[in-house]
Amino acid sequence: MQKMPQWADVVLIPLISLILAAVLSGLVILAIGENPITALTIMIDGAMGSKYAWGYTLYYATNFIFTGLAVSVAFHARMFNIGGEGQATLGGLGVALCCLYLPWPHWTLAILGAIVASAAFGAIWALIPAWLQAKRGSHIVITTIMFNFIAAALLNYLLVSVLKPVGSMEPATGKFPEPTHLPNFAEMLAPLGISFSRGAPANVSFIIAILACFAVWALIWKTRLGYEIRAFGHSESAAKYAGISPTKIILISMSISGALAGMMALNNVMGEAERLVLNATEGAGFIGIAVALMGRSHPLGIFLAALLFGALYQGGAILSQDTSIPVQIVLVIQALVIMFTGALDNMVRVPLEKVFLAFNLSSAKPATKPTAAE
Amino acid sequence: MTSPASGTAHPAIELRGISKAFGAVQANKDISIRVMPGTIHGIIGENGAGKSTLMSILYGFYKADAGEIFINGSKTLIPDSQAAIAAGIGMVFQHFKLVENFTVLENVVLGAEDSGLLRPSLARARRELKSLAEEYELNVDPDALIEDIGVGMQQRVEILKALYRKADILILDEPTGVLTPAEADQLFRILGRLKEEGKTIILITHKLREIMEITETVSVMRRGEMTATVKTAETSPPELAELMVGRKVLLRVDKKPATPGANVLEVRDLKVTDDKGVRRLKGISFDVRAGEILGIAGVAGNGQSELLEVLGGYEKASGTIRLNGELIDLTGKHSDGQSRRHRGIAHVPEDRQREGLIMDYMAWENAVFGYHHEPEYQKSRLFMDNAAIREDAAAKMGRFDVRPPDPKLSAKNFSGGNQQKIVLAREIERNPDLLLIGQPTRGVDIGAIEFIHQQIVALRDQGKAILLVSVELDEILSLSDRIAVMFDGQIMGERLPSETDAKELGLLMAGMTGEAA
Amino acid sequence: MDLLTLLQVLDATVRLSTPLLLACLAGLFSERAGIFDIGLEGKMLAAAFTAAAVAAITGNVWIGLVAGIAASLLFSAIHGLASITFRGNQLISGVALNFLASGLTVLVAQAWFAQGGRTPSLQGAARFNPITLPFAESLSGVPILGPIYAELISGHTILVYVSFLVVPLTWWILFRTRFGLRLRAVGENPAAVDTAGISVVGLRFAAVGICGVLCGIAGAYLSTGLQAGFVKDMTAGRGYIALAALIFAKWRPWYALTACLLFGFLQAIALRSDLIEAVIGFRIQIQLLDALPYILTVIILAGFVGKAIPPRAGGEPYVKER
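Residue numbers (this note's numbering), protein chains in the order written: chain C, 9 to 382; chain D, 11 to 527; chain E, 1370 to 1691.
Bear in mind the hints are in silico, worked out from the structure with no lab data behind them. Do not rely on the hints blindly, as some may be mistaken.
[As the list claims (entries may be wrong)] No farther apart than 30 Å at their CA atoms in a straight line, the calculated lysine-lysine pairs in the DSSO-like style are these:
| hint | chain 1 | residue 1 | chain 2 | residue 2 |
| --- | --- | --- | --- | --- |
| 1 | E | Lys1689 | D | Lys73 |
| 2 | D | Lys107 | D | Lys205 |
| 3 | D | Lys39 | C | Lys248 |
| 4 | D | Lys107 | C | Lys248 |
| 5 | D | Lys513 | D | Lys217 |
| 6 | C | Lys362 | D | Lys217 |
| 7 | D | Lys422 | C | Lys230 |
| 8 | D | Lys422 | D | Lys39 |
| 9 | C | Lys248 | D | Lys281 |
| 10 | D | Lys176 | D | Lys217 |
| 11 | D | Lys286 | E | Lys1619 |
| 12 | D | Lys176 | C | Lys256 |
[To be verified] Pairwise CB distance ranges (calculated):
| hint | chain 1 | residue 1 | chain 2 | residue 2 | range |
| --- | --- | --- | --- | --- | --- |
| 13 | C | Asp17 | E | Trp1431 | 19 to 29 Å |
| 14 | C | Ala30 | E | Glu1685 | 47 to 57 Å |
| 15 | D | Asp416 | C | Asp17 | 48 to 58 Å |
| 16 | E | Ile1522 | C | Asp17 | 52 to 62 Å |
| 17 | E | Thr1374 | C | Leu48 | 54 to 64 Å |
| 18 | D | Ser390 | C | Leu365 | 36 to 46 Å |
| 19 | E | Val1531 | C | Leu48 | 54 to 64 Å |
All C-beta atoms, glycine included, are put in the ideal place defined by N, C-alpha and C.
Isolated chain C (complex conformation) (with noise of 0.2 Å):
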């Protein structure tokens, strides 16, 4: 028997994880000497409060949007790929190559050409880890974990050793060349006469990241795929009695994921930085973790999840700078959202699907109950 409303599992059970994380963040300001209702309100500004401030939470929004639907897609096979960092790394490195040594006409052809890069960069990364599983057992939690790290040594080393310009002493390409300039939003908001910050990052790919949510969508709950990989998730030994080859789904899944992770490159390699520079990820990759959880691996709830991050890194940097708090404030209340969406799940639904039962008991009608029915 159903033991909750879906409304309950996909609303009411990250709002009370979100309001536990938000009280308890608020407690750790207070503990630190501050005011947390000052710091809410500062963060609420510096987020939201301007098209500045817009322009930077859409900006870190979009890079949340890929790494959130990332984890997602390998959440959807039942695979926790915690190596969205590394496989974002890789995506740079192939939005750098692309732009760099591709002579592109005009950015609409450059961010195709970005996107296929980025993509193929990306998945390249998580294909390796996802063949050790399919084939040879390698947990793949773990040796995501170390494809990270040896992703952050190998952009060090090429970018100190071999893309660093002739004559340059800090560990970064060059500058890309003009035709690979992405519009910000300001530029794009322009021809249609509406005016905005043009000192703000967010830029043309936020729209990609939507049209990839959309994608995600229709791929997981749509396609013959995505049921194949939903059926894998939930259970193996079925999918393998279904003729879906185990192989087959953990390759193609974690290629996904990793392309929608490296994909996140267009917007802070192409279209923020423009160039490419030492840790580039800035922790992005697992954010997308934080996300993917607390959008119960939706895209829609992604996209939320990915806005409302966002705005937590743009604000926990104003706050910074207008506050003695530091910028790691977001660092705890990021844990904190990833604790109680993640893993203590159970601590919420428990008594919740026990407070529905007991209302569900007393309200019942038969025809609710379908094991009764023989």
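Given chain C, work out where chains D and E should sit, using these hints.
For chains D and E alone, coordinates are given in the frame of chain C:
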């Protein structure tokens, strides 16, 4: 503790008014029972009747909502297994609770160590095992790893564990499910010895034969209630069956004689070796003809599951399989479930919850599971036609009387019988040439059993070939037109149901050919 | 390369292996009991900060150590609560705790010391100082063995010696005591432990607790032994290297020692790339050395060099069933 001779002794175990509910399901309703010391007491009932729940309460695994437990006459609280062990209760679970990569000795000692250091405990256990082995014919190599010994041996280790903890009351939950009839007989001899030594034994089973063979008293459970407790000598299998089910049971399925046609399935020299290098199928050959049901009898674990998996396309094998005369790919890229279904092989798997259904998928999603590649379910090359699938599922559920007929309900929310009907509807309605069906009525209530049996016979009467695998000998005898018995990855012989009986099949299942018997 | 240089590298190996070894053995206790812990990093970081902060305030490193262990234990308790009590996903809990430590340490450091997320530099009794073993001075003249004793074996902080003693202790506990038998059993088949009348929850919490203590010592060593104070994210992935070493060691104590010494050695020579060039004749990229522990672990995981079989019940919350 108590001698079996003293007639006025307290019951070894007395339960009074035990009730237990899981959510809305009442697993045990006001159950009372008295088990006299030094006896073997059977508890019989269908799957889901509440037997295991009751014993789990007695062993401290679950807490009863109401009721009292008396051990040797004194009221005893059993909040956890520790308390049950202290009260002298030992339990042999259906699924053994052994640490696979520990030795027999370590498993026996685990939880019953003498002190903080291991060596003295192990030394004492070694001595103790030796004397227990002599006393009860329970020989086991103390230094063997559990993963290296057979299930029969593993069961002995479980019994030894209980005895090492000085258990006076031994509960065995479906102990013969994994044993050959010969091994089962040996187990019953051991239980007999234990009884002679004054131990009290509770045997939980759904097999009438075992109850009649070894118990002195039998309690019958039905739908969470204790319907009767009778002396075994004063009852009969039909009476017990009626008590279990609540009405008269038709032990035979109503069916016309088969009119078999040409061979649909030809299996020759089929061999399977598993990951560990164990040979699971050792060269099996048989045919199934159109319009006949071939029943495969055998104790679980003798290769039947592997046979179904190979035929169903998800286990690699060597040998040849022909369907309607044409070879089937056993190792290449067409050896998967979808290719098999395409060729007209439908498969109702042995374990519907693990294989046949995605428990978290809604009924309509499950209704095409395995056939989700079929053209009529596609909207385009990539997209599935979910609306058409839902409509199709609703129609199938109606025809197969699935209750409730709601395609949007998750599979896990249906009862066992209705889950099986969903699988059956999916597989039968594709009009296959060959139906593979494993344990068709495992965990299915009686009402659904009759319906499922009728469907199988109806399919046969349409001229389809059916391969039935079941560990229930009664089911094999009543449904099959021809019976093959499997033992240790081989077919020991084929018999016609009219020319054989449970006894002969039992011998074959134990690996003894007819001539030797 | 002369003996003295070699000894210097080996000496650095010992110092750098110590936190890895403690964290690796911490993970060993937890994972042998069936609780995966990718939060070793976070526990070490929390302990490193707390130990340095308390040592800085009290001026007593021992109080710092105790405080560091307490902080690590608190993190263990949260991990236990999530993964044992509420049967949550152990990996997700570990990820969350790593973030929590990374954020909280800086937050509190800033609130307490206002030095940009670090603690004040520790001096004197506020940090663990090297111990000169008896006769180190007088024996250093003896050829070969003398310098080995004086340079390599003598002159470490007490925590280094402790960490190396924990290896045989772990082995002994695991394979020679009742607790060890039960601990290993609960990581393989908790149902066997439960039906034997032992509390699965209790055992697992005990294991997670031991893990907390060892991570606490490891973290405290980082900030009060290896270095003189806490800096932001000072664990620098050591928790993950320890995890890699644990897999490398196939969850066995003596192998863990070998694996941690190897990974410590890699870290030590990464600091002396001039030496590598001198010995093997060409330059090796530092980044390759950094990545080597991870690459080696992936190779082990891939089963190309012997199969690493984790405890069978690892990562699975225990749910009672018939």
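Hint by hint, here is what the structure shows:
no., hint, verdict
1, E/Lys1689 <-> D/Lys73, "holds (12 Å)"
2, D/Lys107 <-> D/Lys205, "holds (24 Å)"
3, D/Lys39 <-> C/Lys248, "violated (40 Å)"
4, D/Lys107 <-> C/Lys248, "holds (27 Å)"
5, D/Lys513 <-> D/Lys217, "holds (15 Å)"
6, C/Lys362 <-> D/Lys217, "violated (37 Å)"
7, D/Lys422 <-> C/Lys230, "holds (22 Å)"
8, D/Lys422 <-> D/Lys39, "holds (24 Å)"
9, C/Lys248 <-> D/Lys281, "holds (20 Å)"
10, D/Lys176 <-> D/Lys217, "holds (29 Å)"
11, D/Lys286 <-> E/Lys1619, "holds (21 Å)"
12, D/Lys176 <-> C/Lys256, "violated (53 Å)"
13, C/Asp17 <-> E/Trp1431: 19 to 29 Å, "violated (50 Å)"
14, C/Ala30 <-> E/Glu1685: 47 to 57 Å, "violated (31 Å)"
15, D/Asp416 <-> C/Asp17: 48 to 58 Å, "violated (18 Å)"
16, E/Ile1522 <-> C/Asp17: 52 to 62 Å, "holds (60 Å)"
17, E/Thr1374 <-> C/Leu48: 54 to 64 Å, "holds (57 Å)"
18, D/Ser390 <-> C/Leu365: 36 to 46 Å, "holds (42 Å)"
19, E/Val1531 <-> C/Leu48: 54 to 64 Å, "violated (45 Å)"
Hint violations for this structure: numbers 3, 6, 12, 13, 14, 15, 19, all remaining hints satisfied.
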